[in-house]
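2 protein chains.
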Amino acid sequence: MPDKFTLDEQLAADSVFVAALPLCDIRLMREQRWFWLLLVPRLGGAVEFFDLTALQQAQLGREIGFAAKKLQQAAAPCEKINIGALGNNVRQLHIHIIARQKGDAGWPGPVWGQGARQDLPPAAEQARLAALQLLPAQARAELSAGNGQAGLP
Amino acid sequence: MPDKFTLDEQLAADSVFVAALPLCDIRLMREQRWFWLLLVPRLGGAVEFFDLTALQQAQLGREIGFAAKKLQQAAAPCEKINIGALGNNVRQLHIHIIARQKGDAGWPGPVWGQGARQDLPPAAEQARLAALQLLPAQARAELSAGNGQAGLP
Chain A
528 MPDKFTLDEQ LAADSVFVAA LPLCDIRLMR EQRWFWLLLV PRLGGAVEFF
578 DLTALQQAQL GREIGFAAKK LQQAAAPCEK INIGALGNNV RQLHIHIIAR
628 QKGDAGWPGP VWGQGARQDL PPAAEQARLA ALQLLPAQAR AELSAGNGQA
678 GLP
Chain B
528 MPDKFTLDEQ LAADSVFVAA LPLCDIRLMR EQRWFWLLLV PRLGGAVEFF
578 DLTALQQAQL GREIGFAAKK LQQAAAPCEK INIGALGNNV RQLHIHIIAR
628 QKGDAGWPGP VWGQGARQDL PPAAEQARLA ALQLLPAQAR AELSAGNGQA
678 GLP
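Each protein sequence line maps, in turn, to chains A and B. The first sequence maps to residues 528 to 680 in the working numbering. The second sequence maps to residues 528 to 680 in the working numbering.
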């Protein structure tokens with residue numbers, strides 16, 4: 528995958544940057560109905576999970592676990608974390624990580640396809656960002672401790 | 528997680544065993560509309576992605592990539608692989624890996640919530656199992672080459 532990484536325009540419009548992990552950027556979806564993160568590997572041309580090397584797939588597994596745990600804590604009480612990588616509409620590889628509550632919009636079905644996005648007001652966006660407690664340096668340090676990530680971009 | 532691993536009854540009823548990877552069982556969903564696999568980590572009590580250790584999360588990332596690639600090849604031509612771990616109904620941790628085609632049921636939306644399961648006829652089940660070319664010994668060998676999986680269950 529020689530392509531330079533550029534964030535997809537739709538993902539850029541729908542979400543805001545939160546923090547950079549070793550492989551992925553964490554972004555917050557501008558969606559009021561659910562507390563919803565995206566993980567976007569900073570790899571040009573990546574579409575499918577297996578477009579990543581074995582090492583990158585392993586790192587992505589760790590970063591999914593890390594982001595999901597952070598979200599569960601930030602969105603507490605949280606009934607279930609939903610994780611998905613679909614890409615039927617936006618092809619750039621991105622992983623959805625969504626905090627679900629009993630009785631939320633679409634529960635217990637998936638969030639995708641539940642009508643138009645409901646914009647997240649600025650105050651709610653700031654509250655979610657604060658709840659995540661994801662300072663970039665801190666996130667990198669937690670994920671860099673002895674995980675054998677040499678060779679990651 | 529001291530619990531002994533037992534496959535959830537609903538997952539057992541909806542799918543058939545395909546192969547055992549180092550961490551997960553691969554299973555084929557008995558669903559005619561989509562060529563659909565499940566990955567189920569053989570870990571008692573696992574519900575969320577972060578119930579796994581860091582090493583298990585990394586291994587799960589690799590097994591997702593491996594199974595997704597096998598499915599893409601078996602279901603070719605395949606427009607997109609969809610991956611999801613929801614668990615709103617069945618709590619035991621399981622990862623869906625689904626081959627999607629333009630114009631299939633629900634396209635481009637998710638497969639979850641698209642009505643009742645349409646049973647997979649035995650001949651179609653055998654054809655899918657054959658197409659996967661996933662002999663247990665072979666799958667283990669491909670995933671065991673130098674991936675530092677010491678300590679996995």
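Take the hints with a grain of salt, since some may be wrong.
A pair counts as met if it fits within one copy or between any two copies, since identical chains are not told apart.
Cross-link-like lysine to any residue pairs, in silico, SDA-like; alpha carbons within 20 Å at most [said to hold, decoys possible]:
1) 607 with 549
2) 629 with 670
3) 531 with 607
4) 607 with 540
5) 607 with 623
6) 596 with 535
7) 531 with 558
8) 607 with 618
9) 596 with 640
10) 607 with 575
11) 607 with 552
12) 607 with 535
13) 629 with 530
14) 607 with 639
15) 629 with 605
16) 607 with 572
17) 596 with 619
18) 629 with 639
Treat the hints as calculated values from the structure; they're not laboratory data. A quick note: this is a predicted structure, and the numbers were derived from the prediction, not measured.
Going down the list of hints, with the structure as the test:
no.	hint	verdict
1	607 with 549	neither (26 Å within a copy, 26 Å between copies)
2	629 with 670	neither (31 Å within a copy, 38 Å between copies)
3	531 with 607	neither (35 Å within a copy, 22 Å between copies)
4	607 with 540	neither (26 Å within a copy, 23 Å between copies)
5	607 with 623	both (13 Å within a copy, 16 Å between copies)
6	596 with 535	neither (26 Å within a copy, 23 Å between copies)
7	531 with 558	neither (28 Å within a copy, 39 Å between copies)
8	607 with 618	between (26 Å within a copy, 9 Å between copies)
9	596 with 640	neither (25 Å within a copy, 26 Å between copies)
10	607 with 575	between (25 Å within a copy, 8 Å between copies)
11	607 with 552	neither (22 Å within a copy, 23 Å between copies)
12	607 with 535	between (28 Å within a copy, 17 Å between copies)
13	629 with 530	neither (42 Å within a copy, 26 Å between copies)
14	607 with 639	both (16 Å within a copy, 16 Å between copies)
15	629 with 605	within (9 Å within a copy, 34 Å between copies)
16	607 with 572	between (31 Å within a copy, 14 Å between copies)
17	596 with 619	between (24 Å within a copy, 17 Å between copies)
18	629 with 639	both (16 Å within a copy, 17 Å between copies)
Going down the numbered hints, you'll see the structure goes against 1, 2, 3, 4, 6, 7, 9, 11 and 13, while the others check out.
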